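A.B. asks: The lines below spell out each chain.
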Amino acid sequence: RKEVEQDPGPFNVPEGATVAFNCTYSNSASQSFFWYRQDCRKEPKLLMSVYSSGNEDGRFTAQLNRASQYISLLIRDSKLSDSATYLCVVMIYNQGGKLIFGQGTELSVKP
Amino acid sequence: DAGVIQSPRHEVTEMGQEVTLRCKPISGHNSLFWYRQTMMRGLELLIYFNNNVPIDDSGMPEDRFSAKMPNASFSTLKIQPSEPRDSAVYFCASRGTGMGTEAFFGQGTRLTVV
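For the protein sequence lines, the chains are A and B, in the order given. Residue numbers for the first sequence, in my numbering: 18 to 128. Residue numbers for the second sequence, in my numbering: 3 to 116.
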């Protein structure tokens with residue numbers, strides 16, 4: 018079993034749609050969580066950190082459920098520019114800050 | 003700051019040749035990660051360093067792969083001898099201290115072994 022698993026893609030949605038990505042992690046010692054975005058042939062970049070209480074940044078909402086070892090990302094009113102691959106990331110602090118990435122979920126927003 | 007700097011950006015080499023990838027982390031960052039990305043396997047963690055010391059190299063695929071970090075501002079990933087299945091994009095990332103601190107990636111080295 019992979020340490021971080023994400024929904025397989027691709028997700029093809031129309032502009033304005035709401036789309037949700039899910040991610041599960043296997044190591045209960047995981048202590049920090051992130052969503053990264055990767056555009057085609059570019060490096061991954063931080064989209065947002067994920068906090069225990071949940072957090073929102075504009076159209077993006079991230080949720081964490083430690084009991085179920087589950088992370089989610091919700092994108093509302095999707096834009097063409099949201100088309101990218103979204104990567105779920107966990108950090109395991111007691112392993113020296115090991116950063117593990119999920120496979121990524123590809124999102125394609127169509128006009 | 004210029005961000006994480008990787009070189010070369012592209013490398014094409016023949017099977018059996020030695021390949022060296024280079025990374026300069028962001029100044030002041032104390033963690034450095036090497037990842038490999040392919041369509042089939044996604045972003046795989048190869049090795050990471052804290053304060054120039056290798057912490058976990060369990061992701062290094064074979065003895066053909068080696069990585070060093072001789073000082074806080076420089077790291078190398080070497081493949082010797084290279085094989086066609088090593089073709090991938092290799093990313094270096096660095097991170098500062100603190101649990102919630104994000105990692106910053108370099109632009110990657112696209113390696114093609116023919």
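No wet-lab data here; the hints were simulated from the structure. Heads up, a few of these hints could be off.
[Stated by the list, open to error] Calculated from the model, a selection of chain A residues having no Cβ within reach of chain B, i.e. all distances over 10 Å:
{"id": "1", "residue": "P31"}
{"id": "2", "residue": "F51"}
{"id": "3", "residue": "L63"}
{"id": "4", "residue": "S66"}
{"id": "5", "residue": "T78"}
{"id": "6", "residue": "L81"}
{"id": "7", "residue": "S100"}
{"id": "8", "residue": "G113"}
{"id": "9", "residue": "G114"}
{"id": "10", "residue": "K115"}
{"id": "11", "residue": "L116"}
{"id": "12", "residue": "I117"}
{"id": "13", "residue": "Q120"}
{"id": "14", "residue": "G121"}
{"id": "15", "residue": "K127"}
[As the list claims (entries may be wrong)] Heads up, simulated DSSO-like pairs for lysine-lysine below, C-alpha to C-alpha not over 30 Å straight-line:
{"id": "16", "chain 1": "A", "residue 1": "K19", "chain 2": "B", "residue 2": "K70"}
{"id": "17", "chain 1": "A", "residue 1": "K127", "chain 2": "B", "residue 2": "K80"}
{"id": "18", "chain 1": "A", "residue 1": "K19", "chain 2": "A", "residue 2": "K59"}
{"id": "19", "chain 1": "A", "residue 1": "K59", "chain 2": "A", "residue 2": "K96"}
{"id": "20", "chain 1": "A", "residue 1": "K62", "chain 2": "A", "residue 2": "K19"}
{"id": "21", "chain 1": "B", "residue 1": "K80", "chain 2": "B", "residue 2": "K70"}
{"id": "22", "chain 1": "B", "residue 1": "K80", "chain 2": "A", "residue 2": "K19"}
{"id": "23", "chain 1": "A", "residue 1": "K96", "chain 2": "B", "residue 2": "K80"}
{"id": "24", "chain 1": "A", "residue 1": "K127", "chain 2": "B", "residue 2": "K26"}
{"id": "25", "chain 1": "B", "residue 1": "K26", "chain 2": "A", "residue 2": "K96"}
{"id": "26", "chain 1": "B", "residue 1": "K26", "chain 2": "A", "residue 2": "K62"}
{"id": "27", "chain 1": "B", "residue 1": "K26", "chain 2": "B", "residue 2": "K80"}
{"id": "28", "chain 1": "A", "residue 1": "K127", "chain 2": "B", "residue 2": "K70"}
{"id": "29", "chain 1": "A", "residue 1": "K62", "chain 2": "A", "residue 2": "K127"}
[Unchecked claim] One-sided excerpt, in silico: chain A residues whose CB lies under 7 Å from chain B:
{"id": "30", "residue": "S49"}
{"id": "31", "residue": "C57"}
{"id": "32", "residue": "E60"}
{"id": "33", "residue": "P61"}
Bear in mind that the values here come from a model prediction, so they are computed numbers and not experimental data. Beta carbons: idealized from backbone N, C-alpha and C, even for Gly.
A.B. asks: Each hint: holds or not?
C.D. replies: Each hint tested on the structure:
{"no.": "1", "hint": "P31", "in the structure": "holds, 26 Å"}
{"no.": "2", "hint": "F51", "in the structure": "violated, 6 Å"}
{"no.": "3", "hint": "L63", "in the structure": "violated, 4 Å"}
{"no.": "4", "hint": "S66", "in the structure": "violated, 6 Å"}
{"no.": "5", "hint": "T78", "in the structure": "holds, 18 Å"}
{"no.": "6", "hint": "L81", "in the structure": "holds, 12 Å"}
{"no.": "7", "hint": "S100", "in the structure": "holds, 17 Å"}
{"no.": "8", "hint": "G113", "in the structure": "violated, 4 Å"}
{"no.": "9", "hint": "G114", "in the structure": "violated, 6 Å"}
{"no.": "10", "hint": "K115", "in the structure": "violated, 6 Å"}
{"no.": "11", "hint": "L116", "in the structure": "violated, 6 Å"}
{"no.": "12", "hint": "I117", "in the structure": "violated, 6 Å"}
{"no.": "13", "hint": "Q120", "in the structure": "violated, 4 Å"}
{"no.": "14", "hint": "G121", "in the structure": "violated, 6 Å"}
{"no.": "15", "hint": "K127", "in the structure": "holds, 22 Å"}
{"no.": "16", "hint": "A/K19 to B/K70", "in the structure": "holds, 27 Å"}
{"no.": "17", "hint": "A/K127 to B/K80", "in the structure": "violated, 41 Å"}
{"no.": "18", "hint": "A/K19 to A/K59", "in the structure": "holds, 24 Å"}
{"no.": "19", "hint": "A/K59 to A/K96", "in the structure": "holds, 19 Å"}
{"no.": "20", "hint": "A/K62 to A/K19", "in the structure": "holds, 22 Å"}
{"no.": "21", "hint": "B/K80 to B/K70", "in the structure": "holds, 9 Å"}
{"no.": "22", "hint": "B/K80 to A/K19", "in the structure": "holds, 26 Å"}
{"no.": "23", "hint": "A/K96 to B/K80", "in the structure": "violated, 41 Å"}
{"no.": "24", "hint": "A/K127 to B/K26", "in the structure": "violated, 38 Å"}
{"no.": "25", "hint": "B/K26 to A/K96", "in the structure": "violated, 35 Å"}
{"no.": "26", "hint": "B/K26 to A/K62", "in the structure": "holds, 17 Å"}
{"no.": "27", "hint": "B/K26 to B/K80", "in the structure": "holds, 15 Å"}
{"no.": "28", "hint": "A/K127 to B/K70", "in the structure": "violated, 44 Å"}
{"no.": "29", "hint": "A/K62 to A/K127", "in the structure": "holds, 23 Å"}
{"no.": "30", "hint": "S49", "in the structure": "holds, 5 Å"}
{"no.": "31", "hint": "C57", "in the structure": "violated, 12 Å"}
{"no.": "32", "hint": "E60", "in the structure": "holds, 4 Å"}
{"no.": "33", "hint": "P61", "in the structure": "holds, 5 Å"}
Hints 2, 3, 4, 8, 9, 10, 11, 12, 13, 14, 17, 23, 24, 25, 28, 31 from the list above are not met by this structure, while the remaining hints are.
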